[in-house]
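Read off the chains here:
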Amino acid sequence: MRVLLRELGRFSRRNTLAAIGGVVGLLIIFVALAAPLIAPRDPLKADFRRMNKPPDAQSLLGTDQVGRDTLSRVIYGARTSLFVAFSAVILGTTVGSLWGVACGYLRGRFDLVSQRIMEILQSFPDLILAMAISMAIGTGLQAVIFAIAITRIPFGGRVIRSVALSVREMPFVEAGRANGASALRVMAKHVLPQCVAPYLVLATTHLGVAIVIEAALGFLGVGVPPPTPTWGNMLADSITALVPPWWLAFFPGLAITITVLAFNLLGDGIRDTLDPRLSPGFLRLVTGAGRSAPAATGAAAAPTLTIPAGKS
Amino acid sequence: MRKYLLRRAGYALGTLLGVSLTIFVVLRVIPGDPLVAILGAEGHAQMKPADRERIMADLGLSDPLPVQYGRWLIDIGAGRLGKSFFRGDTVAELIAHRGPISAEIGILALIVSWLVGLPIGILSAFKPNSIPDGLARALSILFIAIPGFWLGMLIVLALLFWFGYKAPFVIVQLWHDPWQNFQMVIGPAVVLGLAQGAYIARMSRSCLLEVISEDFVRTARAKGLREGLVVLRHALPNALLPVITISGVLLGFVLGGSVAVEQAFGVPGLGRALVVAVIERDIIVVQNLVLFYAVIFVAVNVLVDLSYAWLDPRIRFG
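These protein sequence lines are chains A and B, in that order.
Letter 150 of the first sequence, counting from 1, is numbered 150 in the working numbering, and no numbers are missing.
Letter 264 of the second sequence, counting from 1, is numbered 1264 in the working numbering, and no numbers are missing.
Certain hints may be false.
Stated by the list, open to error - Distance windows between CB atoms, simulated:
hint : chain 1 : residue 1 : chain 2 : residue 2 : range
1    : A       : Met170    : B       : Met1056   : 57 to 63 Å
2    : A       : Leu112    : B       : Leu1311   : 28 to 34 Å
3    : B       : Pro1128   : A       : Ala175    : 41 to 47 Å
4    : A       : Arg109    : B       : Arg1052   : 42 to 48 Å
5    : A       : Leu8      : B       : Pro1178   : 55 to 61 Å
6    : B       : Val1067   : A       : Leu112    : 27 to 33 Å
As the list claims (entries may be wrong) - Coverage of chain B stretches by chain A, computed from C-beta distances (three or more under 8 Å per stretch; other residues unrestricted):
hint : region
7    : 1118-1132
8    : 1140-1149
9    : 1267-1281
Hints are computed from structural coordinates only; laboratory data are not their basis.
Even glycine gets a Cβ: it sits at the ideal position worked out from N, Cα and C.
All chains, please: the whole structure from these sequences, using the hints.
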């Protein structure tokens, strides 16, 4: 415990911004978890005596067209939005990472085919793929989580695959193989632990993306359906009025921005700490810019054009 | 070079075939009867079974799935791209009508992102860790975090309050009234361009800093060249390659992001058409539009690959 605290202290001295991001992120998570205790009102309860009220002492962030309290809705919205983002990122990154470990370790035909599949998945703009999937499987909470998770799979797959590719050549992995361990055992016992750090980096950097996709889906009316408040569908609600009240459009978006900002800062800090070598090239990798280099998978793939990142 | 071009194009075509298959499979997973989705449960119940079958056959939805997929591929080859359930026009017509607006937005956004991002990145790299650099980095971190569609909403709201702005309802093509057309696309383009510009500023800063520590930059300095020339003539060309890559990738964000941003501004572009089709569950339109977006995305990535060769003579095509 003391060691952990000391490490955290060192991390925050070196990455002040990341530490602030982490604290704000934790605060938002706390608000989301404790929503029933914190929210001043019931987020779903309409109050027709107080419709379209601008922010005042009674409802700090104003009320919407049917008199629901915006502050309470933003707080409950944090619950849904964060739940969706966390589940989607954990699901997508985990599936992608396990797949990536298998690709990098097994190589051969399995890897080739997998790389093509991931490439196909990455040929869609994120939001559009998520829209199509959530349309196909229905617009519920699970559908949205599933849709966002699928868009995260190839990122996990590509990054972790490259880690696994280098790890598999290391002596301790060879020792495991020489001991007669099965491929599954070597992957689980020797390769997987080496992938934990990049996995953490990936997951934090993609949290922000997932939150934005969720919000955009809600905004477009294909996300988590109302009346459940999410930041995205609150924004969609707000523009149904002819002259949208500014507080309805402003506060949910502010909540999204602050949350994404916090997680992005934290992600950057974790990345710099866990693997400073990764920084600019890694950004390319997680944003998928490395996709012009499928040739690394073998002769049958596309001709390679890449030169080492940034080294000119 | 030509051989490479052919192979790259063939590879991209293979990917797109996989893409089309994925779209087809995903959209046919839709549980339930597409007719229920189109007509609503009540309308569906009121119809005679024979009518239902006739309509399904009309729409080509009662054939076996492989046949449907094959017919879709033929449709794509013929450039028709299938028909909307609700409107008589083909998706190809829809794209021809609405596509130009979205294309303008995308291209303008790209221009804005370079105009904003590159100078800021260069300024940051000139004096790393100075106050302007800190400010530039803070702003780029902020603009990466702000969702474009929200920024768009706020801008529209502000215009509405202070200038009585109304969302455009009809499409004004560039060749009909350039000024009105410009007013229509500039908002979404700036919003999308700023977010991308933030990435470009960040990327060009880090790449420039990396290049600036190289030997040839030291040599240029040692021979007494002015710092401005050192950066612009020697460092910058060598730092641009990754920036171009990220710009190609960012186009994916623009394509996806433009869907939401068009909605925020109320611009009737292609993204808007996609949203409407998704909400109406107009499967054929969604299927073709999603494919169209993927085609654009893949094509841009091929172009980015090719631009490498043009920009960097060291690269040999393998």
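Hints, one by one, checked against the model:
1. Between Met170 of chain A and Met1056 of chain B the CB atoms are about 58 Å apart, so this pair conforms to the stated range of 57 to 63 Å.
2. The given range of 28 to 34 Å is respected by Leu112 of chain A and Leu1311 of chain B, whose C-beta atoms sit roughly 30 Å from each other.
3. Range check, Pro1128 of chain B to Ala175 of chain A: about 44 Å between beta-carbon atoms, so the 41 to 47 Å window is met.
4. As the Cβ distance of Arg109 of chain A to Arg1052 of chain B is approximately 45 Å, the hint placing it in 42 to 48 Å holds.
5. Between Leu8 of chain A and Pro1178 of chain B the CB atoms are about 58 Å apart, so this pair conforms to the stated range of 55 to 61 Å.
6. Evaluation of the 27 to 33 Å hint for Val1067 of chain B and Leu112 of chain A yields a pass: the beta carbon distance comes to about 30 Å.
7. With 0 residues having a Cβ less than 8 Å from any Cβ of chain A, the region 1118-1132 of chain B misses the three-residue criterion, and the hint is violated.
8. For a cut-off of 8 Å, the count of residues in the region 1140-1149 of chain B with a CB near a CB of chain A stands at 7, and the three-residue condition holds.
9. Under the rule that three or more residues need a Cβ within less than 8 Å of chain A, the assignment of the region 1267-1281 of chain B holds, with 5 such residues.
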